[in-house]
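Just need the whole structure built from these sequences, with the hints factored in.
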Amino acid sequence: MAESRRQLVLYITDQCTWMGVAPDHGTAGDAELRTLSIGRPAMPIDALDLDDFARSLAQGIRETVAGTIRCTAVLPSSWAFLQLVPDSAESRSDAALAYELEEFLPIEVESTTTAAVSIGAWHLAYTVLTHPIKHMVDVLGSHGIRVESLYVDLPLLAASPTGGSGTILADRERLAVMGTSDPEKTCLVNSAFHGGNPAASAFHAALAGAGVLQGKEPAELLVVAREPAGPLFPFQKAWGDAGKVLLGEGAVRRVVRLATEAPASSNLRRGPLAFQGRWSEAKRELASLCTAIVAVLIVVIARSEWQVGRLASAADSLTPALAKIYANAMPDAAAIPAAPALQLRSELTRLVGLTARHESIDGWDRSPLSTLDVLREVIDRIPSDIKLQLQGMDVHPSGCQLVGRTLSHDAAGRLVAAVNQDSRYLAEPPQTKLRDDRTVEFTIHVRHRHGEANGKRSPHTQ
Amino acid sequence: MENEARTRNDRGTPVRLVLVAGLLAAIWVSQTRLADARTRHRAMLTRVVEMSTMGDRIRELRSAPRLAIDRVRPNDELLRQVHDAAHTAGIPADHWRRNDPRPSVRLPDSPYKKVGALITFDRLTIRQLVEFLQKLVAEDSTLSIENLRLTRPDRVPGDAWNAEVTLAYLIYSPANG
Chain A
0 MAESRRQLVL YITDQCTWMG VAPDHGTAGD AELRTLSIGR PAMPIDALDL
50 DDFARSLAQG IRETVAGTIR CTAVLPSSWA FLQLVPDSAE SRSDAALAYE
100 LEEFLPIEVE STTTAAVSIG AWHLAYTVLT HPIKHMVDVL GSHGIRVESL
150 YVDLPLLAAS PTGGSGTILA DRERLAVMGT SDPEKTCLVN SAFHGGNPAA
200 SAFHAALAGA GVLQGKEPAE LLVVAREPAG PLFPFQKAWG DAGKVLLGEG
250 AVRRVVRLAT EAPASSNLRR GPLAFQGRWS EAKRELASLC TAIVAVLIVV
300 IARSEWQVGR LASAADSLTP ALAKIYANAM PDAAAIPAAP ALQLRSELTR
350 LVGLTARHES IDGWDRSPLS TLDVLREVID RIPSDIKLQL QGMDVHPSGC
400 QLVGRTLSHD AAGRLVAAVN QDSRYLAEPP QTKLRDDRTV EFTIHVRHRH
450 GEANGKRSPH TQ
Chain B
0 MENEARTRND RGTPVRLVLV AGLLAAIWVS QTRLADARTR HRAMLTRVVE
50 MSTMGDRIRE LRSAPRLAID RVRPNDELLR QVHDAAHTAG IPADHWRRND
100 PRPSVRLPDS PYKKVGALIT FDRLTIRQLV EFLQKLVAED STLSIENLRL
150 TRPDRVPGDA WNAEVTLAYL IYSPANG
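Taken in order, these protein sequences are the chains called A and B. What the first sequence shows, in numbering that gives the first Met the number 0, is residues 0 to 461, in sequence order. What the second sequence shows, in numbering that gives the first Met the number 0, is residues 0 to 176, in sequence order.
FYI, nobody ran anything at the bench for these hints, they're computed from the structure. Backbone N, C-alpha and C define an ideal beta-carbon position, used for all residues, glycine too. Don't take each hint at face value.
Unchecked claim - If you anchor each label on the Cβ, the simulated ranges turn out as follows:
#, chain 1, residue 1, chain 2, residue 2, range
1, B, VAL17, A, ASP315, 34 to 40 Å
2, B, SER103, A, ARG356, 18 to 24 Å
3, B, ALA34, A, THR63, 55 to 61 Å
4, A, ASN419, B, THR45, 55 to 61 Å
5, B, THR45, A, ALA294, 33 to 39 Å
Said to hold, decoys possible - Here are some of the chain B residues that sit facing chain A, going by a computed Cβ distance under 7 Å:
#, residue
6, VAL19
7, ALA67
8, THR150
Unchecked claim - Some residues of chain A that are not near chain B, with every Cβ distance over 10 Å (derived):
#, residue
9, LEU47
10, THR67
11, ARG69
12, THR259
13, ALA286
14, CYS289
15, PRO339
16, ARG344
17, GLU346
18, GLY391
19, MET392
20, ASP393
21, VAL415
22, ALA417
23, PRO428
24, ASP436
Here you go:
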């Protein structure tokens with residue numbers, strides 16, 4: 000399979016569907032042609048399952064060409080309503096043209112799309128049903144086949160430079176006739192079924208039934224029958240002497256070439272059938288993406304809101320627990336304050352302050368022993384066999400000072416030694432003085448050793 | 000009808016884009032709300048744990064012995080405590096000579112003030128003194144005997160002492176409070 004960058008032309012005839020790859024612009028080559036094996040399209044369009052037909056068409060193309068395909072489609076004139084309308088000095092809008100045709104159309108004009116080509120003093124207007132054609136184009140588009148231009152075969156030929164001289168498009172069942180008897184005045188377009196009757200008389204009867212030509216023969220006969228190599232229609236032979244007969248693929252090539260060169264005004268991709276290009280596809284993809292994103296976002300938002308509700312509910316459920324904790328800690332509180340945690344912290348700080356040990360605070364001596372302990376323990380250390388008389392004691396938690404009298408210096412020394420036997424105390428050598436009455440007055444400083452352990456000395460012992 | 004359908008289709012994409020933009024804004028709001036809710040929930044959990052811990056500690060400290068008080072003790076209250084303890088120790092009322100309250104002093108770099116009082120007795124026995132002091136501190140754990148000065152009174156025979164007892168206690172009074 001090859002990926003085509005050139006314009007692909009689908010030429011749907013009553014007989015079969017041709018696929019042509021148009022030659023590059025500016026080249027003189029012929030279109031590459033092949034017929035698509037999709038069966039014979041049913042006619043008229045009302046009897047055709049366009050969905051099935053379009054899928055078959057896409058499959059047939061995909062068997063040959065890969066990738067995104069730009070495509071021009073040429074529809075049979077039997078799918079369109081054709082009508083000649085006089086040319087007008089004022090240019091008509093598509094809507095104006097459609098409503099001008101309304102009286103000739105057997106269907107509502109709102110459900111149709113109309114284009115026109117100018118032929119001499121006339122306009123050849125052609126109208127197709129919008130919905131089925133759009134559906135077919137959309138199906139092709141969904142297979143990556145972008146139908147950028149859409150024509151109807153007979154008006155396409157009519158718009159060609161040779162159209163003015165008259166053309167008959169024929170296949171095995173139908174004659175589509177376009178010609179001008181007087182290029183300045185009139186243009187006659189019509190079609191007739193000859194029912195496959197190959198007799199020349201039938202052909203002429205069909206022509207007469209169509210009410211065309213009026214004795215003047217068209218210049219060109221295009222026979223697009225699928226089997227050009229088969230027996231010629233009698234009229235082909237009869238015509239051959241009068242005008243140009245282009246058979247089979249030659250005729251198709253002609254249509255394919257015209258389709259790639261047709262004026263924009265004859266393109267049916269307008270109005271409701273307008274080709275919206277790559278942006279349209281991008282918009283479709285974007286729309287799909289947006290839809291998916293919207294769905295995901297809605298799910299995310301819903302989940303977030305659910306979580307918000309759940310967390311808020313969980314947080315609210317903790318409020319009674321806080322109140323209970325506060326009430327247990329502060330049983331005398333009349334009400335729960337606005338900031339219970341702050342209140343508890345304040346209360347805790349206060350209680351820590353009221354109950355903490357304060358050994359490290361300057362100016363506050365709370366040693367392991369109290370003043371009473373020191374008094375009791377020092378007195379207990381005084382030996383009973385030493386005769387002494389205490390005159391005064393100055394006691395504090397870090398130690399004491401003893402002042403008294405004894406009989407000798409040695410007795411004072413023994414007193415110090417006795418106190419020092421308790422390793423928790425350190426008694427300094429006594430300060431003694433011999434009195435007039437031969438007694439010895441002593442002063443002894445005793446220090447509790449805990450003051451040495453933490454490097455502090457009580458101001459009382461200094 | 001086709002025109003309407005196409006018009007609807009043409010409007011669809013911008014509408015979807017606006018919808019997506021709106022939903023993105025809604026997500027931003029929703030995520031902000033979610034973050035706030037998470038923060039609040041976490042804060043509540045933390046607060047419950049914190050308050051529970053503080054509550055346990057508060058109950059524990061309430062039953063712990065006090066080493067300071069949080070107000071200035073009225074002099075009458077201290078005198079009543081001294082009187083009760085002296086009475087229990089069998090110290091005659093006329094042996095209680097003086098009571099000199101001392102002004103409170105802020106202890107440096109601490110939330111405490113120290114308040115003291117000098118109590119003076121005449122002619123006590125050591126036993127009476129010890130019983131008095133034991134009774135005093137047993138009844139009130141915040142009271143501390145800061146200093147005890149004993150001297151022999153002149154011309155008084157036997158076990159008799161003059162005593163100057165310096166009592167002190169702490170007031171918890173943070174400087175910023």
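Against the structure, the hints come out as follows:
{"no.": "1", "hint": "B/VAL17 with A/ASP315: 34 to 40 Å", "in the structure": "holds, 36 Å"}
{"no.": "2", "hint": "B/SER103 with A/ARG356: 18 to 24 Å", "in the structure": "holds, 20 Å"}
{"no.": "3", "hint": "B/ALA34 with A/THR63: 55 to 61 Å", "in the structure": "holds, 58 Å"}
{"no.": "4", "hint": "A/ASN419 with B/THR45: 55 to 61 Å", "in the structure": "holds, 57 Å"}
{"no.": "5", "hint": "B/THR45 with A/ALA294: 33 to 39 Å", "in the structure": "holds, 37 Å"}
{"no.": "6", "hint": "VAL19", "in the structure": "holds, 5 Å"}
{"no.": "7", "hint": "ALA67", "in the structure": "holds, 5 Å"}
{"no.": "8", "hint": "THR150", "in the structure": "holds, 4 Å"}
{"no.": "9", "hint": "LEU47", "in the structure": "holds, 19 Å"}
{"no.": "10", "hint": "THR67", "in the structure": "holds, 21 Å"}
{"no.": "11", "hint": "ARG69", "in the structure": "holds, 22 Å"}
{"no.": "12", "hint": "THR259", "in the structure": "holds, 27 Å"}
{"no.": "13", "hint": "ALA286", "in the structure": "violated, 5 Å"}
{"no.": "14", "hint": "CYS289", "in the structure": "violated, 4 Å"}
{"no.": "15", "hint": "PRO339", "in the structure": "violated, 7 Å"}
{"no.": "16", "hint": "ARG344", "in the structure": "violated, 6 Å"}
{"no.": "17", "hint": "GLU346", "in the structure": "violated, 6 Å"}
{"no.": "18", "hint": "GLY391", "in the structure": "violated, 4 Å"}
{"no.": "19", "hint": "MET392", "in the structure": "violated, 4 Å"}
{"no.": "20", "hint": "ASP393", "in the structure": "violated, 5 Å"}
{"no.": "21", "hint": "VAL415", "in the structure": "holds, 19 Å"}
{"no.": "22", "hint": "ALA417", "in the structure": "holds, 18 Å"}
{"no.": "23", "hint": "PRO428", "in the structure": "holds, 23 Å"}
{"no.": "24", "hint": "ASP436", "in the structure": "holds, 16 Å"}
In summary, the numbered hints that this structure violates are 13, 14, 15, 16, 17, 18, 19 and 20.
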